[in-house]
Structure formats: structure tokens, C-alpha cells
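If you read the sequences in order, they're chains H and V.
With the numbering used here, letter number 43 in the first sequence gets 43, and the count goes up by one each step, no holes.
With the numbering used here, letter number 22 in the second sequence gets 22, and the count goes up by one each step, no holes.
No lab work stands behind these hints: they were computed from the structure.
We put the CB at the ideal spot given by N, CA and C, even for glycine.
Mixed in with the good hints there might be a few duds.
Distance condition first, Cα-Cα at most 30 Å in a straight line; then the derived BS3-like pairs of lysine-lysine [unchecked claim]:
no.	chain 1	residue 1	chain 2	residue 2
1	H	392	H	375
2	H	40	V	184
3	V	208	V	184
4	H	323	H	40
5	H	450	V	450
6	H	375	H	40
7	H	392	V	450
8	V	450	H	323
For the chain V half of the interface with chain H, some residues (derived, Cβ under 8 Å), not all of them [stated by the list, open to error]:
no.	residue
9	326
10	423
11	438
12	444
13	532
14	534
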Amino acid sequence: MSHEVDLRHSECPLFFAWAFDVQRLCEITRLLEPTAELLKISENVSRSWRGLLFSKLEPQLTRKPVLVVAVCGGTNTGKSFVANYLAGTSMSRSVPEAARTLHPVASLPQGMSVTMPVHELFPGFVPFRWSSDSDAIQECDEHRIVWREDETGRQSQRLIILDTPDVDGPLRENWRRAELVRDSADVIVAVLTQQKYNDAAVREFFAAAGAAHKEVLIVFNMLSLPEQQETAIGWLSTFRMETGIEPLAVYMVPWNRSAADSGTLRICDASATRDILRDLSELEIDRIKIRSMKGSLALVLDESVGVPAWLEAIESQSKQWQKIRQTIANEVRVEVSLPPAPREIIWNEIWEWLEPRRSSIDLKVSKVYSSLGRKILWMGRKVGVLKSQEQKQEDFAAIELDALTKAMSDLVDRLDILRTRSTQLHGILNHAFVEVDRSDWYADLERRHKVLPLVSDDYRKFVRSELDRYAKDNPGAIDFIKHLLTAAAVARPVVTIGLFTAGAAGAAMGMGFVHHIGDILVGTATSLAGEGAIGLTASSLKPLLESLFAGWSSERARVLARTLEEVVLGDLLTEIDQRACCGSQSILNEARLLVRSLREASTHSM
Amino acid sequence: MPFSTPHTREIAKSLAASVSNEDESSREFSAFDELIASMDVWSDSLLQWPPAAAVRAAWSEVHDRLASASREQSRMLVVGIVGGTGTGKSTLVNALACRNVSTAGDQMRPTTVHPVVIAPERADLSWLPLQEINARVVNSDAESISQIILIDCPDPDTQPTITSSPTHAVRPSDSNQNRQLLEKVLPLCDVLFLVSTAQKYRSWVVAKELAAFAPGRPVLFVQTHASRDPDIREDWKRELVSQGFSVPIIFRLDAVEANRRHAVGEQPDQGFQEILDAISFELNQRGARRVRRTGSLDLAGWFLRSVRSSLEDLREPVAALASGIRLQRQSLESQMARAIGTELVSCRSAWQQVLVTDVLQQWQGGPFSMFLHAIVAIGSLWPRLASLPGGMVSRILTNSRGVRMVTTVPQWHSIAEIGISQAAVERSRSILSGMAARAAIHEPLVGRVKFENSRESDTIAGLLGRTDAWLSTGVQRLLSTRRAEVAGQGFRLIFELLFSGMVACVLGRAAWGFFYGQLWLGQSSEGTGFLQESLVWMILWGLVLRWLVLMRLRIGLNRDIDQLVQTLSQAQPTGPLLADFEEAAIRTSEFIARGDAIEAEWSAISLRLTEHLGPLGRLTEEAACDRLRNS
């Protein structure tokens with residue numbers, strides 16, 4: 001043994017230095033899992049490290065070290081034969097049909113299942129206790145691991161032997177299962193044949209094992225010995241070059257079906273002096289274990305295929321979403337040109353507020369005027385010159401609804417354009433935007449608009465508070481108001497509706513990320529017609545009136561905002577915001593720091 | 001040739017049948033050529049629609065093969081030997097060629113890195129792009145393959161699918177281009193021999209390649225290594241059927257043994273003899289045409305089914321768009337009808353004025369007519385208090401003599417009076433663009449929700465024009481029916497008589513008073529007082545009669561207006577507003593329907609023309625094969 005470390009009786013003192021960090025890394029990657037899913041990070045990015053981290057490092061780092069020996073190879077190359085040979089019993093059946101072993105079969109040393117639960121040792125698999133050698137060829141959807149304990153007691157206490165499904169057959173599930181087993185293994189028994197040693201699928205499978213510094217024993221099966229012995233050495237060198245594997249030992253098994261069936265065929269090296277069973281029992285378990293654990297960790301920490309690449313992918317994908325969010329905030333914004341607010345509505349509010357503040361003479365006079373005015377108005381309506389109040393309100397409502405409808409179709413169209421331009425947005429917008437009947441949106445807007453009172457309680461409160469504030473600030477100005485009440489101020493506020501997400505709006509304000517909640521904002525820019533007249537006489541009154549009219553208009557426009565939020569977009573903005581904010585999670589930084597410290601720890605230790 | 005097995009006897013039978021049918025089938029095959037021509041036109045007919053453009057792209061891949069198939073019917077068949085590495089493709093080729101033409105055996109995998117073309121000396125290879133596929137040509141005089149061109153293809157399974165290993169090391173296989181090379185060779189083949197072994201018959205890579213190239217190419221399945229491997233044909237057949245193939249027979253042979261027997265001059269064994277028979281009976285010159293035709297029919301059928309299954313999901317959205325357009329048009333038109341109806345009704349005084357003017361033009365002379373003229377004359381002295389509404393309706397009414405008003409540049413607010421607002425139109429277009437998006441219809445097939453400036457005024461002008469034309473003729477018709485109510489001479493006569501009666505009464509009463517009372521009885525004159533009184537009565541009576549005439553004109557006017565308004569949808573005034581959607585819906589649904597028709601045509605032709613191919617398997621279930629291709 002090169003490192004003279006005895007791991008047999010301790011709980012991995014050597015790995016202790018980074019065991020905690022690895023566990024933390026597992027936790028963090030698990031926490032980031034939903035984020036990666038949300039951002040649709042391709043599984044290929046995590047293909048090289050996920051199995052090693054979760055199927056090997058996590059379950060094996062804190063447990064008593066045992067070697068996991070996995071027999072792997074292509075379809076119909078005789079994996080089950082080799083596995084049965086190693087386990088010394090028929091644990092999975094050899095059948096002439098290819099790709100029949102669907103589930104890995106594990107042979108545990110006697111008594112191990114009590115101290116080391118199988119499901120903890122092989123996460124991702126559902127343990128299934130072995131009952132016969134046809135268990136592994138039963139079809140079922142779940143990833144199952146069939147396990148049995150060695151009954152003879154001959155199997156080393158520190159070895160687990162596994163038979164695996166194929167890596168090149170038509171069932172992709174089989175590949176997946178084989179990869180999981182490979183990742184958790186320390187020693188791979190690669191079963192090669194003349195036909196398959198250079199198949200790309202087989203090569204790639206074993207190359208990944210080599211990259212993770214697992215020990216490999218090569219069993220060259222189905223050879224016509226001794227004729228093919230020389231050529232087989234050439235084949236092996238090709239295999240070594242292709243996979244980067246330096247095998248611990250190579251065994252040559254002759255083509256002999258009857259011997260294989262009767263169990264008399266031995267797996268020996270070329271000179272027939274060393275048997276694989278003996279070699280297996282003499283493995284330097286601790287050295288191999290340390291090597292494979294370190295190898296796995298190195299791959300997990302690898303810049304280009306490990307966790308860092310995955311973190312990088314999360315961040316860059318999230319940046320894309322930040323861009324999208326900004327684009328939405330910039331481009332999906334329309335100006336709603338609402339009809340001028342019916343003057344009397346706001347004036348009525350002001351009158352009501354003024355009522356208790358006016359002198360009795362003033363009141364009487366105005367009463368006469370107003371009754372006179374009412375009569376004139378009545379006559380005007382009768383001859384059809386003037387419209388009735390109801391008619392006016394109806395007309396106003398129709399024009400207002402038209403303006404809101406136009407704004408909505410404009411917003412929807414802008415989002416549509418963005419949808420066709422950005423593939424990411426297309427993905428999340430398609431469902432909400434294409435698979436629905438848009439007429440529902442407009443019907444909803446109409447419904448909401450219909451039930452919207454001309455003057456809401458909120459607005460009334462707002463007017464009162466504004467006027468109170470104004471009166472308090474300008475005690476003399478109250479008289480002005482009384483005189484100016486007849487001044488015609490026709491307000492035509494332009495209300496802007498935009499889709500902002502809090503992040504984008506926050507960034508625009510230079511506040512960084514405040515909240516993860518999307519919102520539809522209504523901003524008002526008021527221009528008052530007739531403001532000049534008022535401005536001349538009471539400049540301080542102008543902002544008051546402006547704010548009163550603007551407040552009213554933005555409240556009207558909020559109906560549209562609410563329809564957009566609740567019916568059209570749903571949680572869409574929140575979703576975009578979530579995606580955009582993923583990249584700035586502190587947990588990403590923590591993961592990076594962890595990777596760095598783990599890298600240092602693993603190079604310095606030992 | 002010995003007819004040793006049942007299936008070879010069957011081949012002979014089908015051969016005899018096909019000879020007698022040959023002329024007839026040649027004639028019929030021109031129907032297939034026509035079908036190909038119409039598929040070409042169809043696939044090119046709507047490129048702006050992405051699904052149709054995808055159809056065209058798929059078509060461009062099969063078109064050449066279909067065209068050449070009918071052109072080169074009697075050309076020698078090209079048989080590609082395909083299969084995973086190490087399955088003994090080259091050994092089989094050597095056995096068929098009766099000599100060592102292709103390196104085979106226990107060499108470094110992959111053995112065959114360049115395709116080897118084995119052809120009889122007389123074969124015309126000028127059409128094969130030998131340079132491009134980097135092929136080596138070997139002439140063979142072996143009798144068994146004297147009618148075909150064999151290509152020993154590179155394997156599909158040694159080229160890596162990912163470009164670099166996790167360790168970034170340079171590997172020998174980085175330069176392996178076998179699969180790409182294979183994908184260049186396979187398009188040249190008419191028939192495939194799929195060679196496999198017990199180890200390789202369930203290979204995902206091979207299945208995927210086969211799925212990509214099997215459509216339209218009959219396949220012969222061969223299990224090699226018969227002397228060593230167990231017989232896996234039953235299980236392989238199950239696997240092939242699950243991949244969508246019909247598998248009449250799987251040959252099982254040992255090419256090494258065949259080579260050995262040939263070397264020592266022995267007769268081939270049964271397994272090898274069977275495949276020799278199949279080649280000489282099925283793939284000879286006469287068979288070539290059969291194979292090629294059936295291949296073309298299969299290919300065309302595969303193309304049609306696969307593109308139509310891609311269009312399948314769009315049927316419902318396209319139909320939904322069409323009905324959505326109808327709905328939106330209805331809703332816009334009902335708004336229009338309501339607005340125009342209200343307007344027409346509210347223009348009562350205009351109607352009255354027009355009608356009375358009409359009536360007066362017809363009624364000349366006669367006391368009542370004179371009375372009416374007089375009232376109009378007096379009325380015209382008054383300035384009009386309530387002027388007519390200035391809209392299109394009243395314009396048409398006042399210009400009912402057929403003079404069309406020239407309108408200025410049309411804008412949205414100028415058509416508000418006919419009940420169409422920009423908001424309503426944009427709402428409809430927004431709803432429809434959602435439906436169009438579901439049917440994958442985008443620009444330029446349909447425009448945006450908001451019209452561009454140039455199109456906007458054109459569209460509004462179109463809407464106005466249609467409405468104007470419809471309303472003018474409608475109003476004309478309405479006026480003429482109204483007019484007809486009072487046009488009868490009898491009707492006028494009654495009123496003239498009634499009025500004249502009053503005049504006569506007054507005159508009679510005056511005459512009575514003068515002649516009888518004053519002259520006869522000698523009473524004093526009644527004076528002008530009576531005349532003044534009777535003048536008042538006469539005017540009142542005249543007004544009553546005028547009111548009656550107007551009533552006659554007015555009764556049923558509202559009903560007529562209702563009827564007129566209901567004819568609005570026939571004029572399709574809103575057509576220009578949704579024209580792009582309408583056209584897109586029609587064109588897309590026509591495209592889909594045309595595809596259906598072509599497939600029906602194909603089914604009929606293929607039923608007549610598809611021939612039995614003996615031991616050759618064919619791809620019959622595309623769904624299974626598509627799944628593999630996309631996996």
C-alpha cells in the first residue's frame with residue numbers, strides 16, 4: 001500500500017478535511033436545483049458531476065469505506081456471466097437475447113445490509129430484495145436496484161459487486177441506470193468484445209470512468225484463443241488510447257458457450273495464471289478508495305464539466321433573463337390617452353368639501369344660481385341641445401373603454417413581438433399567450449370597467465386629503481378656490497402603463513434588487529388644458545388641480561393594469577423576475593467559495 | 001437455380017405475375033409521376049407559413065430520389081451493406097463477390113473506413129459521386145452479384161457522439177468520420193442489407209441511422225456469425241417490428257464459412273444459398289424496377305404521412321381561426337348595424353324632407369299639390385333650427401340622387417358614426433392574432449394588430465366605400481318603396497278629391513250664402529269673416545291631409561330600416577379590416593385540405609401499384625421510426 005493509511009476501523013479520517021464541505025456542496029446544489037430547472041439548464045451540463053457527487057461522494061464519504069465493483073459493458077457481451085463469476089453465484093440470469101438486464105443487481109457481503117442500508121448507499125435507486133435470478137429482467141418504470149447478501153461468506157467484507165444494464169441498447173433508461181452505477185463505483189470491470197471494444201457508446205461510457213480515476217479491470221470476452229491473443233493486445237491499446245484508461249489488469253476469456261453455461265469457464269489473464277477472483281480479493285482497497293474519491297471530487301470541481309460550469313450556466317442564463325426583463329420594461333409600455341375627466345365629477349368633490357366652509361350668503365346665492373342653472377340645463381336637454389347627465393356618462397364610459405381597449409391591444413401586441421423575438425420569452429409566454437382565447441381578456445376588461453364607479457371611495461379620500469393639505473398650507477388660498485370654481489380646467493392626462501418588474505424598476509432607480517415581485521405600474525403625466533388661466537391667478541393652485549385630475553385618471557387606468565396583471569399575465573412578471581434574480585443569489589457565491597476551498601483542500605491533503 | 005425453400009418458390013410465382021402486368025403497370029406509373037408533380041406544386045404553395053415551409057424542406061430531401069426513381073427505372077440497383085462495426089459486413093461482401101474485395105476480419109476496428117463499391121465491369125458508375133464519398137471501386141465477375149452494385153458501407157457506431165472527452169485528451173477517434181461518411185453513402189442506395197450479430201442487433205445508434213434512411217428503401221435483414229452465435233432472429237424480429245418494419249424473413253448465415261467453402265470449392269451451405277437466391281430473383285434487372293417503384297411509392301407515402309402528421313395539430317387551430325374571424329366580423333357588423341340603424345331612425349326629418357320633395361315632384365297641378373308646394377315654400381323661408389346630423393347617413397339621404405360625396409383622407413374618427421371604432425377593430429385583430437399564433441400564422445401572412453399608416457387609410461377607405469355603396473343602394477331602394485306607397489294615381493286622386501271637396505264645400509257654402517241668402521232671400525252679406533274662417537279650416541284640413549300622406553310614408557319605415565340593416569352582412573363591409581386574417585385562414589386550410597387530397601390519391605395509386613417484394617422488409621409504421629429518429 002502506497003499511502004499506508006488504514007481506513008478499516010475508522011470513519012474516514014482522511015476525507016474528514018473536506019467531508020463537511022462536500023456535504024455543504026451537496027446541500028447547496030440541491031437548493032439550486034429548482035433554480036436550474038426554472039432556468040432550463042440542460043442536463044448535459046450536470047451530466048459529468050451529478051452522479052459522482054450524489055451517488056458517490058455524498059453516500060460514501062461518511063460511511064465505512066467499502067469498494068463498489070461494477071461490471072459494465074454493451075449488450076450481449078456477457079456482463080451477467082462475469083458478475084455471476086465474481087459473486088460466485090447466479091445472481092442475474094444470462095440470456096441469449098440482448099439488452100435484457102434492466103436493473104442493476106448488487107451482491108453485498110454477508111451482514112452488510114444491516115449496517116449499511118442499500119437505499120442510502122445507492123441513492124436514486126429503489127432497493128428490491130433479490131428473490132431469483134430473473135429479478136433483474138422484470139420490466140418496471142422506477143430505477144430499481146436488486147440486492148442480495150452473499151450467503152457463503154466468501155465475498156470480501158469490503159466489496160460490493162454489481163451487475164449493470166447495457167450502455168448501448170435501444171432503451172435509454174438502461175444507459176441512465178448503468179451511468180448511475182458507474183458513478184458510484186470504485187472499480188469498474190469493463191467487459192469488452194471484439195465487436196464492441198471500439199463502439200463510441202461503449203468508449204464514452206468507460207472514458208467517463210477513467211476521467212474520475214476509477215480503477216478498471218478489463219475482461220476481454222468471447223475471444224478465439226489463442227489465435228486472437230495477439231490482435232486483442234492491439235485492440236486493448238486502441239481502447240486505452242480512446243478512453244485514457246490504464247487498466248489494473250486484463251483478462252482474456254475464450255469463446256466457449258458450453259463452458260460458460262456449465263460454470264467451468266474461468267476468467268484469467270492471458271497466461272492463465274491470475275484469476276480475477278484472486279486479484280479482486282487482493283485489491284489495495286484503501287488506496288483505490290482514496291483515489292476514486294479524489295478523482296470524483298476533481299471532476300465535480302472541474303471548471304469545464306463540473307459544478308463551476310453549472311454555476312456559470314445558471315448565472316449566464318439568469319443574465320439573459322435580466323436582459324429580457326429590461327427589454328420588457330423598456331418596450332412594453334404604452335401611453336393611454338384617456339378622455340378628459342368629466343369636470344363636474346372633480347368639482348362636485350371639491351364642492352362637497354367646501355360645503356361646510358362656505359358662508360351662508362354665499363350658499364344662498366349659489367343656491368339660486370344653481371337652481372337657475374338646473375332649469376337652463378333642463379331646457380337645453382329638452383330641445384336636444386344639451387345632453388343629459390346619464391347620456392354624458394355613457395358617452396364618457398364608451399370613449400374611456402375604447403382608450404383602455406386600445407392600450408391593451410397595443411400592450412399585447414408589443415409582448416407578442418417580444419415573444420417572437422426571444423426564444424426564452426417564447427417558452428414561458430406561449431402558454432399564457434397563445435393557448436388562450438384573448439376575447440376573454442377584453443371581456444374581463446369591459447366587465448371591470450363597467451363596475452368601476454365614476455368616483456371611488458379611495459379617490460374621494462384622496463381628494464379630501466389633498467384639499468385638506470392644501471388648505472393647511474395655503475390658508476389664504478381657500479378664497480381663491482371659491483372664486484375660481486367656475487374656471488374651466490379641462491384636464492387631459494396622459495397615463496403611461498408599463499410592465500416593470502421590481503428588479504428592473506429598482507435598477508432603473510439605482511436601488512438594486514428590492515423585491516422579487518413583478519408589477520404593472522401606472523404613471524401619470526398630466527397636462528392641463530386651460531391651466532394658463534389658473535396659473536396666472538393662483539400659481540399654487542395649479543399643482544393641486546393637476547394632482548387631483550391626475551389622481552383620478554391614473555385610478556381609471558389602473559383597471560387596465562389590474563386586468564393585465566390578473567387575467568393576461570398572471571404570474572408571468574414574477575416568473576421573469578425570479579429567473580432574472582437567480583443569478584444574484586448569495587448561495588451562488590457560497591457555492592463558488594466552497595468549490596475553491598474544496599479544490600485547495602483536496603490538493604493539499606495527502 | 002434450385003428452388004430450395006418455400007419463399008423462393010413464392011418469389012417465382014410473384015415474378016410470373018409481375019411479368020404479365022408489366023405494360024399495364026408502366027402505363028399506370030405515369031399517374032404516380034403526375035402525383036409527384038402535384039406534390040411539388042403543393043409543397044411550394046405557401047412558403048410564408050412556417051409549417052408549410054417545413055413541408056417544403058422535407059420535400060426537397062425526397063424530391064430528387066422520387067424524380068430519379070421514375071427516370072432510372074431500369075438502372076442497376078445499388079445495395080448498401082450496413083450494420084455495426086464487427087458484424088461482418090466486409091466478410092459478407094467478400095463471400096458475395098467470391099474474392100477478397102474488402103478488408104475483413106480481426107483488424108483494428110473500424111476496419112472499413114472508406115466505402116467499397118463492388119460492381120460488374122459493365123455497370124455504369126458514372127452517376128455515383130465516387131470522389132465525394134471517397135469510395136474504392138472493385139470490379140467483380142461473381143455471378144451472384146452480376147445484376148447489382150454492392151457498397152460496403154462504413155459503420156455508424158465508432159464515431160463519437162460527443163466531440164471531446166472530459167479529460168480533453170486527443171483520441172484517435174476524434175478523426176473518425178464514419179457515421180458522416182455513411183450518411184453520404186446511404187442516400188445513393190436503393191436497397192439496404194442490414195447485417196447484425198447477437199451482440200449488435202439491439203444497438204441504439206444503428207437503429208437510429210436505419211430509421212433515418214429506411215423510408216423508401218427496402219431492407220434485407222441478415223444475422224451473421226451463425227456458426228458461433230445463438231439464433232436471435234425471433235427476438236431481433238420483435239425489435240425490428242417495434243421499430244416499425246415489416247420483416248418477412250431474416251437470413252442467418254456465416255460468411256466466414258461461406259468464404260471457406262468457396263475457397264475449397266464446396267457448395268454453399270443453405271443459409272448462404274438462400275441469400276444468393278434472394279439476390280438473383282429479387283434484385284435482378286426486372287426486380288430492380290419493382291423494388292425501385294415500390295421504394296418510391298413507399299417514400300412518397302412516408303413523406304405524405306410524416307408531413308401530414310406534422311400538420312395534424314394545426315387543423316384545429318386553423319379551423320378555430322376561421323370561425324374566430326366569422327365571430328369577430330359578426331360582432332363588428334352588429335355594432336355597425338346598430339349604429340347605422342339608430343342613425344337612420346334618428347334622421348326622421350331628413351327622410352320626411354326627401355320623401356316629400358319626391359312626392360311633390362310627382363304631384364304637380366291639383367289643389368292639394370299646390371297646397372303642399374305652398375307649405376314647402378313657406379317652410380323654406382324659415383331658417384332650419386335643428387340642422388341635420390352631418391354624418392354619412394344623412395349625406396347619403398340628402399344626396400340620394402346618386403351623387404357620391406367625396407370624402408377627405410379617411411381616418412378612424414371619420415367612421416365613428418357607422419359604429420366602428422379603432423378600439424373595436426384592434427380588439428378584434430388582437431383576439432385573432434392570438435388565434436393565428438396558435439396556428440403558427442405570423443407576419444407576413446397576417447399584419448400586426450395596429451395597421452401601418454399607409455394601410456390604415458386604405459383599409460378605412462375600403463370599409464367606407466363598401467358601406468357607402470351598400471347604404472346608397474339600400475336607401476335608394478327604401479326610398480323607392482316608400483315612394484311607391486304614395487305613387488299610385490288613385491292615392492293622389494283621393495287626396496286631391498278630399499282637399500278639393502273641402503274647397504268645393506267652402507266655395508259651395510259661399511255660393512249658397514251669396515246666391516240664396518243674399519240675392520234670393522235678400523239677407524245682408526256675410527262679409528269676409530266667413531271666408532277668413534273657412535280659409536283657416538281649409539288650411540287645417542290641408543294640414544290634416546298632409547299629415548295623413550306623411551303617415552302613409554312613415555308607416556313601416558322603421559321596419560324597412562330594420563330590414564335594410566339586416567342586409568349589412570351581405571355587403572361584407574368589415575372585410576378589409578380583417579382581410580389578412582381571412583386570407584391566411586383560407587390559404588392555410590386549403591393547404592391542409594390539399595395535403596389530404598394528395599394522400600388519398602397516393603393511397604389509391606399505391607393500392608394498385610405496390611408489388612410484393614418477397615424477402616425484403618419495408619418500413620411500414622412511421623410513428624415508431626419517427627420516435628427513434630428524434631430520440
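These are the hints, each one checked on the structure:
1. H:392 x H:375: holds (18 Å)
2. H:40 x V:184: violated (35 Å)
3. V:208 x V:184: Judged against 30 Å, a Cα distance of about 15 Å means the pair holds.
4. H:323 x H:40: Cα-Cα ~17 Å, so holds.
5. H:450 x V:450: Holds, because 25 Å separates the two Cα atoms, which is no more than 30 Å.
6. H:375 x H:40: Outside the cut-off at roughly 70 Å; violated.
7. H:392 x V:450: The hint holds at about 29 Å.
8. V:450 x H:323: holds (26 Å)
9. 326: Residue 326 of chain V check fails; min Cβ-Cβ to chain H is 13 Å, beyond 8 Å.
10. 423: Holds, about 4 Å.
11. 438: Holds, because the Cβ-Cβ distance from residue 438 of chain V to chain H comes to roughly 5 Å (cut-off 8 Å).
12. 444: Check failed: Cβ of residue 444 of chain V comes no nearer than 13 Å to chain H, outside 8 Å.
13. 532: violated (33 Å)
14. 534: violated (35 Å)
In summary, the numbered hints that this structure violates are 2, 6, 9, 12, 13 and 14.
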